[in-house]
Amino acid sequence: MLTRREFIKALMTMAAGMSIPAFCSELLAEAAGKQGRKPVVIYLEANTCAGDIMSLLNAKDPSLDRFIQETIDLQYQTTLMAAEGSQAVQYMYKSAEENWGEYVLIVEGAVSTRENGKYGIIGELADGPLTGLQAVRDLAQGAKYIVPFGVCACYGGQYATPPNPCGAKGVSEVIGSKDRKKVVNVSACPGHPEWLVGTLTHLFVYGMPDLDPHRRPKVFNGRTVHDLCPRRSFFEKGIFASKPGERGCLYKIGCKGPVAGCDVPLRHWNTFYHWQWVIGCNVPCIGCTEPGYPTKMMPFYRHLPDIRVFGSYTASTAVAKAVGAGTGLAIAGHLGASLLSGRVRENYRKLKEPLPPLPPEPTPSADFTGKQGPLQYEFGDYLGEPDLPSGIDRVPSGPKHPKPLFGKKLIQKEGPDTKASLLARQISKKWKD
Amino acid sequence: MAQKIISPLTRENVPIAIQVTVDKGVITDAKMMARNMRGFEYMLKGLAPSDAPYFTERICGICSTAHAVASCLALENATSHDLTKNGVLIRNILFVGDILQNHLRHFYLLAVPDYVDLPEKPPWTPRNRFPNSLPKPVNERIVKNYFRAFEVSRDAHTLTAIMGGRAPHQWSMQPGGATIQPTAERIMRAKAVVERIKAFVTQDYREDVEALAEAYPEYFEYGTRPRNYIAYGTLPNPDKPHEFLQPPQVVLEGKVEALEVKNITEDIRFSWYRGKNQVSQGPFYAKPPEPDRSKQEAYSWIKAVRYKGRACEGGPIVRAYLAGGYRRTNATWDRHLARQWEAANYVEMVLKWISQLKEDEPAYNHWETPDSARGEGLIESMRGPLGHWVEIEGGRIKNYTVITPSVWNMGPRAGPTDLGTVEEALIGTPIKDIENPVEIGRVIRAFDPCSACAVHVITPTRKLEPIRVV
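As given, the protein sequences belong to chains A and B, one line each in that order. With our numbering, the residue at position 53 of the first sequence is 37, and numbering never jumps. One gets our numbering by counting positions in the second sequence from 1 and adding 10 to each.
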C-alpha cells in the first residue's frame, strides 16, 4: 500500500487526464479487505438544490454506480435509495445505531436553523416531522468523520445570502464542539466529486488529512486558483480582459482567483478537458470554495476593493478576513517584482485608474421587516477565526452516555430493553409483515 | 378510511412530502406538501443584475442550466439585447445536454426502482415490496441499463460541460450569449459525446419504457387528469433569436390557444402566506406576499398557480402534444413515453446544431446593465414552463420573481375543489396495500417532481407555530 506521503503527493500532482476515483477505489478496496468490511457511508440531504449529488454522479472511472456497488457501503442517500417515507428515515437511524462510531456522515446542503429547523423538514417520524437540523445533530454524534459536501453544507453558502430567510448555516455551526473536531469540509459549489472521493479515501485509509484554517483538506484547497492559473503569465505581463469572453487575465473584471483556495485549474470539471473550468470559459472565478461565498464575492463581475493588488491592503472587511492577509501580500509582492522588471509599467497605469464606485449596499431586509428594524441574521460570524466558528453554545453538547437514544420519537413505551433494541425489533417486525 | 403521509418521498430532487387519504382502496384526497424553504427571491433583491444567471442557477442542481437560460432571457428582454447565432447555438447545445441528463436520470435513477428488482443491498433495500410482473431476462436487462444510465447521463452532462465549462452550474452562459468560442476541438468532442449516447437514448431507453409499460399496463389508466396544459416557448430559434422553435401555447380542455402572461394568476389560500384569497396576476413585477407559517388550512410553501383559473400541467407530455409527437392521454406511461420521445428528438436536434457552429464568428455580444428596466424570460425547461421576471432600478435588482415548472405541477389547491395538478392526477388511483403504497410514488414520479425548484420565495417575519401533521 502507498504511504500517506506518497498518496498526498499523487493527489497533488495528479492533473488533467488522470482520475482520482480510479486510483482511490483500489486503495479503498485494499483497506476494506484488511478491515473485513466496506466503509459505511450515510449521505444526508439537508436544505439543498441536489447539485452536489448530481456532481457526484458525474464522477468518472469508476462512476458512482460502481463505487457504491464495490467500494463503499452507502446506507442512506435520498436521491438513489429505493425506500421512501418513514421506512427510509427509520432505516437511517437503525443503520446509524448499528454502525455507531464507525460510519462517515456526508451532509449536502445547508442546515435550516430558523425556528429550530422547521424551515427544513426532511422526513416524518411517528410523532411528527424530522428537521434537517435534528437529523444532522443526531447523526453527527455517532459519526467517525463528518464530511460536509458543497459550500452550503460547509459554510451556509448560497442559502445564507442575506437576509438568509431560512437561517441557513454550515454543519460545523450547528453541531457540538466535540463533533466539530471530526469535520472535514469538502467545499465548492457544487462539490467536486474527485475531492469527495479523495477525501473519503484519505479518511478510510490514512485517517484525518491535514486541514487548512477552514477545515478543508490542504491537498485540494491549500493552493489558490491564482497560484495555479494557466493565465498567470497574463497577469504578470499586465494583459487584462476588459469584459467576459476575452482572453487575458480576468483579474480586473472581478476574478476571485487570488482568494479562492482550490486546485481546479489542474483538476477541471466533468472529464478533464482543459477548458472545462471557470477561467477556461473566459469568465472570472467567483470564489465558490470560500466561507462567505457568495455574499462576500458579489458582484461577481466587480473587482473587489479588498483584493486590489496595488495600494493599501486593509484587513478590515470581511473579505480580507476571509482571505487572510498572506494571500494579498503574496500577490502584492509578486506584482511588485514584476513591476521592477518593467513588464507591467504600461498596464499598471491603467489599473491605477479608479474603479467605478460601488453602488450602495443593498438593504434587502428592509423589505420584509417593514418598520420593525433590521432582521437579525448571523452571517459571517465565523469569518476570520483560525479554527471553527464560535457561537455553538446554544447547541446542547449531547447526551452524557456514549450512545444517544436514537429513535426516541419512534418508541412509545419505556421498558427494561434498551430503546435501540426496541426500535430494531419494531422496524424488523414491520418489514416482516 | 386511512390517512398516510410519505415523507421524504425519496428519489426526486429534494424530498417532498405527500399526504393521501385512502377510502376503500382508492385515493380520495391528496396533498402535496413542500416543507423546505429558502427564499431566493428576497436574496436576489439588491444584487447586481449580471449576477442573476449564476445566482438563480443555484435554485436547482438538476436543472441549473434552465434557470441560467431563463435569467439570461429576462435580462436580454429587459434591454432588447441581440444575440449572435453562435451564441444561441452554444446556449441551446449546453441546455439540451442538461435536458438529456435530466430525462435519463429521471427515468432510470428515480423512476425505474419503483418497477424492477434491484440488487438486494443498500441503498436499494429496504424498499416497498410489490409483485414484479416483468419476465426475468427483461428485469435483468433493465437493471443493467439502470447502471449504464449512470455513465450515459454523465456523458450527457459532459456535453453541457464542453460548452458550459462545468455541469451542474455552468459558466459560459451569460446575458449576451456564451463567453466561449466554438473551437474545432470543442465541436469534435461535443459531437463524439452525442454520438456516444445516441443509441442508448433512442433505442435502449425506448425499449425499457415500453417493456415496463407492457408489464404494468394499469398505469396507462392511473394518473390521468383533465387535459389542461401549458408550455412556454421551447428553445430559442438560432436563426431568429427572439422567437422560439415552438411558440408559447396553452391547451384548455383539449383546445389549443396562444399563451398570454396576464392570464397567469397565483393564489395563496392554501399556502403559508398572509392573506386569505390574495391573487396576484402576471406579469410578476411585484413583491411576493408575506409568509404566515401558522395559517390555518395551509399546507405548502408553494403557491397555487393557475391559467384562466385552471391548474395546468407542464413537461415533455405537453411539448410532445403541441408538436404532434405524442397525443395519447396523460396517464403515467404517457408521461414517460413522451419524455423518451422528446429526448430522442433532442439528440437529433443537437447534432444538427453542433454542425452549424462557426469557428470564426463571435458568440458573445457584451450586455451592459441598464439603469432601470423590466424583462421577462419564459422558457420550457426539462420539467415544464419556467418563468423569470426581473425589475431593475438604479442598476440593481428591485424585484425578481421565479415561477418554476414544479410550481405548476406540484402546487397546492386553490379552493376546496380546485386541486393542484399532481393532486388531481392522484385522486382515483387504487392502492392495493396501504403499507406498501408503490402506486403513489409511481404516479408522482412520472411528473419528474422537484421541490428544490418549487420553493424559493418566502421569508419569515414572525415566529412560527409548530407544524402539525394529521
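Bear in mind the hints are in silico, worked out from the structure with no lab data behind them. Quantities reported herein were computed from a predicted structural model and do not represent experimental measurements. Don't take every hint at face value.
Stated by the list, open to error - Listed below are several chain B residues computed to face chain A (Cβ distance under 7 Å; list not exhaustive): (1) 47; (2) 171; (3) 232.
Where is the CB? At the ideal position from N, CA and C, for every residue including glycine.
Q) Once the shortest beta carbon distance from residue 232/B to chain A is found, is it less than 7 Å? A) Hint on residue 232/B: violated, closest Cβ of chain A at ~17 Å, above 7 Å.
Q) If you take the shortest Cβ to Cβ gap from residue 47/B to chain A, is it below 7 Å? A) Holds - the Cβ of residue 47/B comes within 7 Å of chain A, reaching about 4 Å at its closest.
(Q) Less than 7 Å between beta-carbons is the criterion; does residue 171/B satisfy it with respect to chain A? (A) 4 Å, holds
Checked against the numbered hints listed earlier, the structure breaks hint 3 alone; every other hint is satisfied.
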